[in-house]
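A.B. asks: Sequence positions in the sequence shown follow my numbering and run 1 to 266.
Keep in mind that the hints were calculated from the coordinates and are not lab data.
Warning: the hint list may mix true and false statements.
[Stated by the list, open to error] PhoX-like cross-link-like pairs, simulated, lysine-lysine; straight-line CA separation at most 25 Å:
no., residue 1, residue 2
1, K71, K14
2, K219, K71
3, K53, K173
4, K14, K173
[To be verified] Between beta-carbon pairs, the in silico distance windows are:
no., residue 1, residue 2, range
5, L6, A208, 53 to 59 Å
6, P23, R214, 53 to 59 Å
7, E75, R214, 42 to 48 Å
8, S245, E75, 28 to 34 Å
9, E229, F24, 41 to 47 Å
10, P23, G204, 53 to 59 Å
11, Q155, S237, 47 to 53 Å
12, D30, S2, 20 to 26 Å
13, L6, A98, 46 to 52 Å
14, Q155, A232, 31 to 37 Å
15, S202, P41, 54 to 60 Å
Backbone N, C-alpha and C fix where the C-beta goes; we use that ideal spot for every residue, glycine too.
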Amino acid sequence: MSIHSLSVVHPNAKIGAGVTVGPFTTIEEDVEIGEGSEIGPNVTIYGGARIGKNVRVFPGAVIAAIPQDLKFRGEYTTAEIGDGTTIREFVTVNRGTAAAGTTRIGANCLLMAYAHVAHDCLLGDHIVIANNVNLAGHVILEDYVIIEGQVGVQQFVRIGRHSFIAGGSLVRKSVPPYIRAAREPLSYIGVNRIGLQRRGFSIGQINAIHEIYRILFVKGLNITNAVTEIEASVPVSEERDEVVSFINATEKTGIIRSFQALDNGS
Numbered sequence: 001m002s003i004h005s006l007s008v009v010h011p012n013a014k015i016g017a018g019v020t021v022g023p024f025t026t027i028e029e030d031v032e033i034g035e036g037s038e039i040g041p042n043v044t045i046y047g048g049a050r051i052g053k054n055v056r057v058f059p060g061a062v063i064a065a066i067p068q069d070l071k072f073r074g075e076y077t078t079a080e081i082g083d084g085t086t087i088r089e090f091v092t093v094n095r096g097t098a099a100a101g102t103t104r105i106g107a108n109c110l111l112m113a114y115a116h117v118a119h120d121c122l123l124g125d126h127i128v129i130a131n132n133v134n135l136a137g138h139v140i141l142e143d144y145v146i147i148e149g150q151v152g153v154q155q156f157v158r159i160g161r162h163s164f165i166a167g168g169s170l171v172r173k174s175v176p177p178y179i180r181a182a183r184e185p186l187s188y189i190g191v192n193r194i195g196l197q198r199r200g201f202s203i204g205q206i207n208a209i210h211e212i213y214r215i216l217f218v219k220g221l222n223i224t225n226a227v228t229e230i231e232a233s234v235p236v237s238e239e240r241d242e243v244v245s246f247i248n249a250t251e252k253t254g255i256i257r258s259f260q261a262l263d264n265g266s
């Protein structure tokens, strides 16, 4: 463990073996940092932070500040960062509220400079969030989501596994798994074929996903009828069941539609 003499680290903070802390960094009480993590200069880590092993935090980042939520009443909550995740310059990760109790970022994620993760967001593993992305409260990002720069995500939105969001987008509705989304308003523009191939999905799996979304977004059916046809005509698979479950779970927020459907007024 190496803590720079110009940093302020509370004696009750739990700092693991091999952790390095740069100058002018503040680490409060009730902070836990796993072994091998690197905390850069000018970082502020407030109480309630739970940082895993081999995490890298770059200058200017603020972890576990209280929520920017007027309903917050000082309740005890946490902000968790999983093993192997990288937090770049000036990223802010707020603690949770009573609603979820925590804000969580999974393992092996990359949050690029100036990203903001608000209270009660739950992020899975292997996620990439590019520069200046802002996640409002209660957002859920599932594993392997990639969000390009300058994207804003509205509160309570959910983005499914292996999905890709184009830069400059405004995400007002939930985005199902395995797809690419772009344009304004945000729309389905295709299956994330390249991402799926990189992660070992077979051609057969990818073709089945294409068929699911052809029914859901291209045939002109409403959501209820599309789900019924998917269940009747697409062979049972993990991917099929995941898409159907996602649609059922996001009934309140709704999901994005295809650009063609929006053009047709449906």
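A.B. asks: With respect to the beta-carbon atoms only, verify the hint that Q155 and A232 lie 31 to 37 Å apart.
C.D. replies: Hint holds: Cβ distance 35 Å, inside 31 to 37 Å.
A.B. asks: Check the hint pairing K53 with K173 against an upper bound of 25 Å on the C-alpha distance.
C.D. replies: 34 Å, violated
A.B. asks: Using the beta carbons of D30 and S2, state whether their distance is inside 20 to 26 Å or not.
C.D. replies: With a Cβ separation near 22 Å, D30 and S2 satisfy 20 to 26 Å, so the hint holds.
A.B. asks: Sort out whether K173 lies within 25 Å of K14, counting only the CA atoms.
C.D. replies: Cα-Cα ~40 Å, so violated.
A.B. asks: Given a hint of 28 to 34 Å, does the C-beta separation of S245 and E75 actually sit inside it?
C.D. replies: Hint holds: Cβ distance 31 Å, inside 28 to 34 Å.
A.B. asks: If I claimed the Cβ atoms of E229 and F24 lie 41 to 47 Å apart, would that claim hold in this structure?
C.D. replies: Taking Cβ atoms as reference, E229 and F24 lie about 59 Å apart, which means the hint is violated.
A.B. asks: Taking only the CA atoms, is the gap from K71 to K14 under or equal to 25 Å?
C.D. replies: 30 Å, violated
A.B. asks: Lying within 47 to 53 Å: is that true of the beta-carbon distance Q155 to S237?
C.D. replies: For Q155 and S237 the Cβ distance comes to about 32 Å; the hint is violated.
A.B. asks: Quick one, are K219 and K71 close enough, alpha carbons at most 25 Å?
C.D. replies: Distance of about 43 Å is beyond 25 Å: violated.
A.B. asks: Between S202 and P41, does the C-beta distance stay in 54 to 60 Å?
C.D. replies: With Cβ atoms ~46 Å apart, the hint is violated.
A.B. asks: I want to verify a distance hint. Is the separation of the beta carbons of E75 and R214 within 42 to 48 Å?
C.D. replies: 46 Å, holds
A.B. asks: Can you let me know if the beta-carbon spacing of L6 and A98 is within 46 to 52 Å?
C.D. replies: For A98 against L6, whose Cβ atoms are near 37 Å apart, the range 46 to 52 Å is violated.
Checked against the numbered hints given earlier, this structure breaks hints 1, 2, 3, 4, 9, 11, 13 and 15; the rest are met.
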